[in-house]
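Under numbering that gives the first Met the number 0, the first residue of the sequence shown is numbered 0, with each subsequent residue one higher.
Just so you know, these hints were derived from the structure itself, not from any lab. It should be emphasised that the depicted structure is a prediction, and the values quoted were computed from it without experimental measurement. Hints may contain errors.
As the list claims (entries may be wrong) - With beta-carbon atoms standing in for the labels, derived distance ranges: (1) L184 - L145: 31 to 41 Å; (2) P74 - R206: 21 to 31 Å; (3) R81 - E246: 20 to 30 Å.
Said to hold, decoys possible - Distance condition first, Cα-Cα at most 20 Å in a straight line; then the derived SDA-like pairs of lysine to any residue: (4) K58 - G122; (5) K58 - T225; (6) K58 - D32; (7) K58 - E203; (8) K58 - E34; (9) K58 - R226; (10) K58 - E76; (11) K58 - P227; (12) K58 - R238; (13) K58 - R96; (14) K58 - R231; (15) K58 - D243.
Here a beta-carbon is modelled for each residue, glycine too, at the ideal position from N, C-alpha and C.
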Amino acid sequence: MIRWLPLGLLAWLFWAVPATAASVPEKVICTPDTETVVLLHGMLRSARSMRSMQAGLEKAGYRVLNVDYPSRDYPVEELVPRVFGELQPPLNTQGCRIHFVTHSLGGILLRYYLAHQPAASLGRVVMLGPPNQGSEVVDRLGGLGLFSWINGPSGRQLGTGEESIPLQLGPVDFDLGVIAGNRSLNFLLSLLIPGSDDGKVSVERARVEGMQDFLVVPYTHIFMMTRPEVIRQTVHFLRQGHFDHTEAP
0 MIRWLPLGLL AWLFWAVPAT AASVPEKVIC TPDTETVVLL HGMLRSARSM
50 RSMQAGLEKA GYRVLNVDYP SRDYPVEELV PRVFGELQPP LNTQGCRIHF
100 VTHSLGGILL RYYLAHQPAA SLGRVVMLGP PNQGSEVVDR LGGLGLFSWI
150 NGPSGRQLGT GEESIPLQLG PVDFDLGVIA GNRSLNFLLS LLIPGSDDGK
200 VSVERARVEG MQDFLVVPYT HIFMMTRPEV IRQTVHFLRQ GHFDHTEAP
């Protein structure tokens, strides 16, 4: 059946929700009495996609920095210094506490940065739908010209083979909670993914060795960061270091 699927359409459907413009965020202000949360959006998205999460975190009392970056223009190793250039000084400042909440590719950028740089002020991290072990969809479609044109060089680096950036990063050594979705709006891509998935990443491939907690929610990849329960669970992990499994969906 897979032979009959329009692979060009699948490539467009892989990460695709068109990016929209977002305002340039403020610089990080890091003081001992301030807890900042940095938001990193996913592939083909913008900071606008994280606004619901931003509002929920601000309501919970956090100062939030919602970062925008050109996800499709550069490979991971070039995106990371662009994303973390202004973040590096406060991340190396003793006495600060900076948390991260990431969606999809944003989590891989953070893992790549932390694998190569110290972060003395790093707090807790919540990753939403991260391809921590890559995605089989990239294995099947990454060689297509249309896929490369839409998703850019970083999209081709998120597979499960030898060139997979996520699989080169190893275990995490920071306080991490991962939320994975098990609902899909994209049955075509789900046909390419073994087991439960969110339409882009399988539940199992969202896991990473060293994480503190793991939660599966009945939401899709592209919308999970907007769901009130995901926002509630994110706040709970940032405060407590674990998810609220007593009321998990």
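Compare the distance between the alpha carbons of K58 and P227 with 20 Å, and conclude whether the hinted pair is satisfied. holds, 12 Å
Starting from K58, check that the Cα of D32 is at most 20 Å away, please. Distance ~17 Å between K58 and D32 Cα, so the pair holds.
R81 paired with E246, Cβ distance criterion 20 to 30 Å: violated, 38 Å
Hey, K58 versus R96, does the alpha-carbon distance stay inside 20 Å? holds, 18 Å
Keeping to a limit of 20 Å between CA atoms, is the pair of K58 and R238 held or broken? holds, 14 Å
Under the criterion that the straight-line Cα-Cα distance not exceed 20 Å, is the pair K58, T225 satisfied? Satisfied, since the Cα-Cα distance of roughly 15 Å is no more than 20 Å.
Is 21 to 31 Å a correct range for the gap between the Cβ atoms of P74 and R206? Holds - the Cβ-Cβ distance for P74 and R206, about 24 Å, lies within 21 to 31 Å.
Keeping to a limit of 20 Å between CA atoms, is the pair of K58 and R226 held or broken? holds, 15 Å
Take a quick look at whether K58 and E34 sit within 20 Å of each other, Cα to Cα. Holds, at about 13 Å.
Need the status of pair K58, G122: alpha-carbon distance at most 20 Å? Satisfied, since the Cα-Cα distance of roughly 19 Å is no more than 20 Å.
Check the hint pairing K58 with E203 against an upper bound of 20 Å on the C-alpha distance. violated, 32 Å
When you check the alpha-carbon spacing of K58 and E76, does it fall within 20 Å? violated, 34 Å
In summary, the numbered hints that this structure violates are 1, 3, 7 and 10.
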